[in-house]
Amino acid sequence: MTTASSADHPTRRDFLYVATGAVAAVGAAATVWPLVSQMNPDASTIAAGAPIEVDLTPIAEGQDIKVFWRGKPIYISHRTKKQIEAAQNVPVASLPDPQPDSARVKAGHDQWLVVVGICTHLGCIPIAHEGAYDGFFCPCHGSVYDTSGRIRQGPAPSNLPVPPYTFVSDTKIQIG
Amino acid sequence: MSGPSDFQPTNPALKWIERRLPIMGLMHSSFVVYPTPRNLNYWWTFGAILSLMLGVQILTGVILAMHYTPHADLAFKSVELIVRDVNYGWLLRNIHACGASMFFFAVYIHMFRGLYYGSYKEPREVLWILGVIIYLLMMATGFMGYVLPWGQMSFWGATVITNLFSAVPYFGESIVTLLWGGYSVGNPTLNRFFSLHYLLPFVIAGVVVLHVWALHVAGQNNPAGVEAKTEKDTVPFTPYATIKDAFGVSCFLLFFAWFIFYMPNYLGDPENYIPANPAVTPAHIVPEWYYLPFYAILRSIPNKLAGVVAMFGAIVVLAFLPWLDNARTRSSKYRPLAKQFFWMFVVVCIGLGYLGAQPPEGIYVIVGRILTALYFAYFLILLPLLSQIEKPRPVPNSIADDVLAKSGGKSATMASAAIALLVAGGLLLGGADGARAAEGGPKPPAQKWSFSGPVGTFDRGALQRGLKVYKEVCSSCHGLSFVAFRNLAEPGGPGYSVAQAAAFASDYKVKDGPNDAGDMFERPGRPADYFPSPFPNEQAARAANGGAAPPDLSLITKARSYGRGFPLFLIDFFTQYQEQGPDYVAALLQGYEDNAPAGFTLPEGSYYNKYFPGHAIKMPKPLNDGQVTYDDGSPATVAQYSKDVTTFLMWTAEPHMEARKALGLQVFVFLILLTILLYFTKKKVWANAH
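Residue numbers (our numbering), protein chains in the order written: chain A, 2 to 177; chain B, 14 to 703.
Heads up, none of these hints are tricks.
Once the Cα atoms are required to be at most 30 Å apart in a straight line, the calculated DSS-like pairs of lysine-lysine come out as:
1. B/524 / A/67
2. A/67 / B/522
3. B/242 / B/404
4. A/73 / B/524
5. B/484 / B/631
6. B/522 / A/173
7. A/83 / A/73
8. A/173 / A/73
9. A/67 / A/107
10. B/90 / A/73
11. B/456 / B/631
12. B/484 / B/456
13. B/481 / B/674
14. A/73 / B/522
15. A/83 / A/107
16. B/696 / B/242
17. B/481 / B/631
18. A/173 / A/67
19. B/524 / A/173
20. B/623 / B/456
21. A/82 / A/107
Stretch by stretch, here's where chain A covers chain B in the computed footprint (C-beta under 8 Å, at least three residues):
22. 68 to 81
23. 97 to 111
24. 534 to 543
25. 685 to 695
Calculated from the structure, these hints are not laboratory results. For each residue, glycine too, the CB sits at the ideal point set by N, CA and C.
Isolated chain B, as found in the complex (with noise of 0.2 Å):
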C-alpha cells in the first residue's frame, strides 16, 4: 500500500504468482518493510489490538450464528442452550459479548489518542473520518447485537433507539414502521437486526481496509506530531512495531481475559436476563456503558427532535474535527493549553458517560445539560479559538531528536495517565450500576458462597439439598425450563451419578405425544427431558397466583441484582465480587416481615417482604423451620434452606461455572508467560533502535 515494491521471491512458483498478482509485495511492502515512526508509544499499539478484536467478534461471531435462532420465541432458548450444551459455547458467547466491552473500550483510547495528538490534522483527515464511519457502524453493529438474546433490555433497547428515528420531521412514523417490519418491535426486527448484525462486521473490515491504506499513504502521526524526514526518523514494521504490537495485544488479553474467565457479567445488565416481555417496560432503561455519553447529551436536551440531532450530532462533530481545530502544531504535548483542556474534555466525556447511567431527575439532569453544553464548546468554540490564541511550545527537528530528547519523566506521566484511564474506564463500565444503586431501602447482606472468587466450586451437598428444597417447596410454582434432568450428572453439577439422575427422572410425568393414534400421553421422565413447568402456560400462572406469574428460576440469580454504589462496583472488578444476585435471592427468601412498619399500606394480597423492591410481594413466605428434612444432619432452618435453594439455583443460572473458572487459572497462568516472553523479545529487538 506504499508504492511498487522491489520485494522478489524466489521460489519460482511463487514467483510466476507475484508476477500475476503482486500480493506478496503488497504484504511485504505493508506489512514488513513499511516504515514507522521510531518514536511511538505504546496508545499506538490499539490499532493492532482494534484489528484483533474485529477479528476475534467476527469469528466468535460467525461460530454462534451456527447455533443461535432468530425468532422471537426461540432467540432467548438458544443463546441459552449455546451456553449450556455446546461444547465450549459458555466460553464462545463471553467472549463474543465481553468482546463487544473491549472492542469499544480499545476504540475509545484509540480514538482519545488521535486526538491528543493531532492525528486528524493534515494530510490524515481523510483517515481520520473513516475512522468516524468505522466508529458510527460499530455502534450500529453493537446495538444490533445487544437485540439478539432477546432479553428484557434487549428488546426495550430495541424499542428506545429505534424510537429514536420517530423524531424526523413528517417522515418519522413511516421511518419506524419500515425498521420494525410491523407495529411493534418483534419477531421481523429481531430477523432484520440478525441479518444486519451478521452483514456490518464485514462492511467494517471493509472501511478498515481503506483506513489502513489511507494511513499507509500519510504514513503514521507519532507522539511528536512531526513527520518522518530521513531513515534514522523510522524502523522497519517487522520486526519493530510487530513485536510491540504483539506485547500490547498480549497486555491486552489479559485484561480481555479477566472478564471472560472471572467477570462475565460485570458489564451486562441482569435484565436481560428476563426474557423480552412486551407488555412490561425495566424500571432502568440503561444501554450498554459505551452508549451512555451519547444517551446522557439525547436526555439532557428537553425536546425530542432537538435531543436526538444532538445526539447523532455528538458523533458527526468529529468528522469536521480536522476543519475545527486550524492549529498548526499537531501533538498536544507541545500545546501547553490544549493538553489541558484535552483532560478536561476526558473528564466530561467520562462524567457523562456517568450521568447517562443515572435516573434522569433533579441534579444529574442539571449537570447533564452543562456537560453536554462543555462537550460541545470544547469542539465548536474552544478548538478553533485556541488554534488562534495559544502559544505552542517548540517541535523537535525530527522524530531522531524527540527519541534521544526523551526524558524519565515521560514514562510517569504515561503511568499516571494508564491509571486515570483505567479508573474512568471503570467508571464508565460499572457505570449501569447507578440507576439501581439509586434505588435505596435495605441491601441484602453479603453472604459467604462457597462458588465465589476465582477457585470457588459449588458445594455439592448444598446443591444437593437445595434441589431436594426446590422439588418440595419452590417447584410448586415456579419452572426451571432450562435445567434438564440429565444436568444432574454433568461434571461441575450436584454430583449425582447417571443412574441416580435417571431415577429422579423418572419420578417426573412428562407429556410427549402425539402417539399413532395422534394422542398426547404422559410418561415417566427420561434424563434427556428438561423440568417440567407447574403451569401449564403463563396465563394459567397468572389466574392461580393473583395477577403475578412466579418467574422460571433457571435464570433467576443472575436476573437479580442490586446497586452496588460507588466505589464498591469499582472494587468489586477487582475482587471479582459478582454475587449480588444470589445475596438478593438468599436476603429474599428470609425477608419476610409479619407486620409491615407503620405508616405502610400493604395492599390485598401481597406480603410484606423487607428486600423486595417496593415492599409488597405477591409471594407469600415460602420456607418455614423444619419444612423439608435433611438427611444428612445439616439444620433445618429457613437461614440453611435459603442457602442451599440459591447455591442450586446458581447452579442452575451458571451449570459450567466451574469449568469457566478452572479453564481461566489455565489462560491466566498461559498469558502471563507469553506477556513476559514478549516484554523481554521487544525489549531485545528495539535494544539497538533507541
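Just chain A, same shape as in the assembly (with noise of 0.2 Å):
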C-alpha cells in the first residue's frame, strides 16, 4: 500500500481518490441546479400568464385593437372585405414564409385576424394599417407584413406568429 500508486496498478487509494472526487463532483453539479432554476419565471408570473378573454363587439370592421397577454402585445384585426381577399389571392408559393390565409385564422371567422404584434426580426411593435400591403409595417428596420400578418419586405425572417386562441362564441376570444 505504501509503495504502490500507478495507473497500472488501481489500488485502494486510487479508488478512494476517484469515489470522492466523483461525489464532490455530483454535489457540485447538484448545487448548481437550483443556481439557475431560480431565473426561471415564478410561480406568480406563471399564474398571470392565465389565458385572458377579450370582447369582440367593440371592434368596428377596418379597426384593430391592441391587447396584452403574457407581457405581449396581442393584435386584433377586424379585416375589411377588401383586406381578407388580398389575403387570400396572393400566391402562397411567392411567399417568403408561405402559409395561406386559412392557416392563420379560424374557419368561419376570416374577418378576425389575431397575431402577436411582435416583429420577428428583433422584437419591434410594427404599426398596423401601414407598409405597402395595407397589414404591418415595422418602424424599426422596414419589414411590412400583410392583412394576414406575413412577411413581404424587410429583414424579419418569418410571419407574425399567432397565438393560441379559440372563439368563445360569436363575439369573443380566450387567447391562451
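With the hints as a guide, bring the two chains together.
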C-alpha cells in the first residue's frame, strides 16, 4: 500500500480518490441546479400568464385593438372584405414564409386576424395599417407584413406568429 | 504570493499566457506548493470555511437581489414572494439568512483561535489588523442586510443602530440625518442600505485578498507557535491542506445544513415576520446573536456617549492586541497562565452575549457591568501584565519536534474544547430567546403536530378543515394577503385539484380594473388572485375593531412565539422543536375565560385570554363548539377547530415546508457520504506525513 500508486496497478487508494472526487463533482453539479432554476419565471408570473378573454363587439370593421397577454401585445384586427381578399388571393408559393391565409385565421371567422404584434426580426412592435400591403409595418428596420400578418418585405425571417386562441362565442375569444 | 515561482506550463498556449501574465504561477505558488506547517489542527480549517462562506453569501446574495425590491412598501412582500414563488427561493433565502450566522460563528472561532495561539504577534500584526477590518466590515454588512426584509426588527434595529451615531458630540444629529436621508428611518434609508449591502461584500473580498497575501508573506502560525525552519516542518498546501480543509468544510456544511433545512428560523426573531411599523416598537429589541456581546457592553454603561465609545472600543481594542501582549511565547499552549485566562475570557464573552439578550434591568445590569470591566481588563491590564510576570514552558525546537511529541491527551482536550464551544455557541445562538422567556404567564402547552420533526408533513384533512374555519370565521376580520388561490392546488398544500382551486377562487369577488371606461369593477376570483382582505386599509380595520387592527394571518404562526427558557431552547436545537408559533396560536384560540381572575381589571372592550401577553385581548372569543360544520366527521369542537386552523396557518406561513424537509433529507445523506469519503481520503493523504 505504501509504494503502490500507479496507473497500471489500480489500488484501494486510487479508488478512494476517484470515489471522493466523483461524489464531490455530483454535489457541485446538484448545487448548480437551484442556482440556475431560480432564473426561470416564478410561480406568480406563470399564474399571471393564464388565458384572457377579449370581447370583440366594440371593434368595428377596419379597426384593430391591441391587448396584452403574457406581457406581449396581441393585435386583433377586424379585417375589411378588401383586406381578406388581398390576403387570400396572393399566390402562397411566392411568399418568403409560405402560409395560406386560412391557416392563420379560424374557419368561419375570416374577418378576425389575431397575431402577436412583435416583429420577428428583432422584437419591435409593427404599426398596423401601414406599409405597402395595408398590413403592418415595422418602423425599426422596415419589415412589411400583409393583411394576414405574413412577412412580405424586409429583414424579418417569418410571419407574425398566431397565438393560441379559441372563439368562446361569435363575439368573444379566449387567448391562451 | 510567496515570491517568484518556478512553475512552467508545458502547453504552448498556456506558456504564451504565462509569459505575459504569470497567473498560473501565482496560483501554483500560493495554493499548491505553498509550504504549510505540518502540525496545524482543525481550528485552522476555519480560514477555508470563511472563504467558502464569503463565496456562498455573495452568490446567494446576488441571486436574491435579482428578486428583491428595495422599497419600503414592497420590500417585505418581495421577500415573501421570493420564498413562496421563486424556484428554490425558500432555499436561497434560508442559505443567505442562516449563512450570515454561520459566517459569524466561523469568524468568532477563527478569532479566538488567533487569540489563543498568538497569531497576531510579530511578524503577523498587519495580517491581524486586516482581520479586524474584515470583522468590522462584516458587522456593517450583516446589520444592513438584516434591515432589508423590512420587518419589525429590521426597522427598529436600523433605528437603534443608526441612533448610536447621535451620541457624537455636536455633529451627532446631523450624522444621523445624513445616514437616514430623511427625518426618520424610511425608504431612502432602505435604498442606501441595499446599495451598501451589495457593495460591502466585495470590499470584504478585497480585504480578504490582502489578508491572504499578508498571510502568505509571513507564513501561517501553528499550534506550537514556532516558525517553520526546515522542509521537515512543512508540507505542500496541495494536497495536504486542501484535503484537510475540504474535510473541515464538509463537516461545517453538515452543521450549516441543519439550520437551512430543519431550523431555518431558530436564529431569527419572530418579530421580523411582522412588516415594519414605525408606530409600534417591539417589546424586546434584541439584535442578532452575533452582536449581543457588544450590545451588552453598550447597555451596561449608563451614559450615552460613553456606552457607544465602549462598544466600538471593544472592537477597536483588538487591533492593538499585537502591542498589548508583549509575551515572547506565541502559543498559549506553553503559557500556563495565559491559557487559563484565555478560557475565562471566552466565558466572559459568552456571558456578555447571554446578557445582551436579557432585559436591561436588575441583576443583569450589574453582571453586565462586571463582565464589561473584565472584558477590557483582559486586554488592557491582564495581557500586558502577563507578559511581564508569566514563566512560559519551553517551546519545542521545531514544528517537526512538536509533531513527534504529540500525545493522545491532546485530542481529548480538543474534543472537550469543541464541545464547550458548541454549547457556548448554542447559548449565544438561542440568546434571543432570553428576553421573551422572562415575560412570565402560563406557557402554551406543547401540542403534537403532524408537521413537526425532520420528516413531518401537513395533515391534508386538517388543512382542508382549517381552510374552512378560516373562510367561515377568521376571514371576516383577518386577511391572508400572501396566499393565492392557486396555492391551494400546489404540492405540499391542502391537496386540492387545479379545478377545485379555481372553483374556490370563483366564489370570491375580486376588485379589478380600470376597464376601458376607466372604472374599477368586480369580477369572480381567479387562481392567480390572492385572498381578498376584509378591510380596504388599516385605518378601516382599526376603526371597525375597537382600535386594534386584526393582523394578517399569512405569517402569524411564524410571527408569534414565546420564550422557551434555558435549557429548553438548547434542547430544541437538537430535537428540531420549532412549533412555538403554532402552539401559541392554538393555545390563544382556546385560552378565553369568561371571567377575569379576581384583581385583574379588564379594560373596556377587551376580553380575558390566558395566553395573550398582558391577557387583555381585543378579539372576542372567535370559536365556539358547533360553529363550523365538518363534512368528514371530525368533532366540531373548539379544540379541533383550533388545531385545524393552526395547521392551515402553519401551511400559509410556510407553503414549501414539505419540500424543505424532503430536500434536507437528500442533502444530509449526500453530505454524510461526502464527509466520510473525505475523512478517509484525508487519512490516506496524511498517512505518511505524520
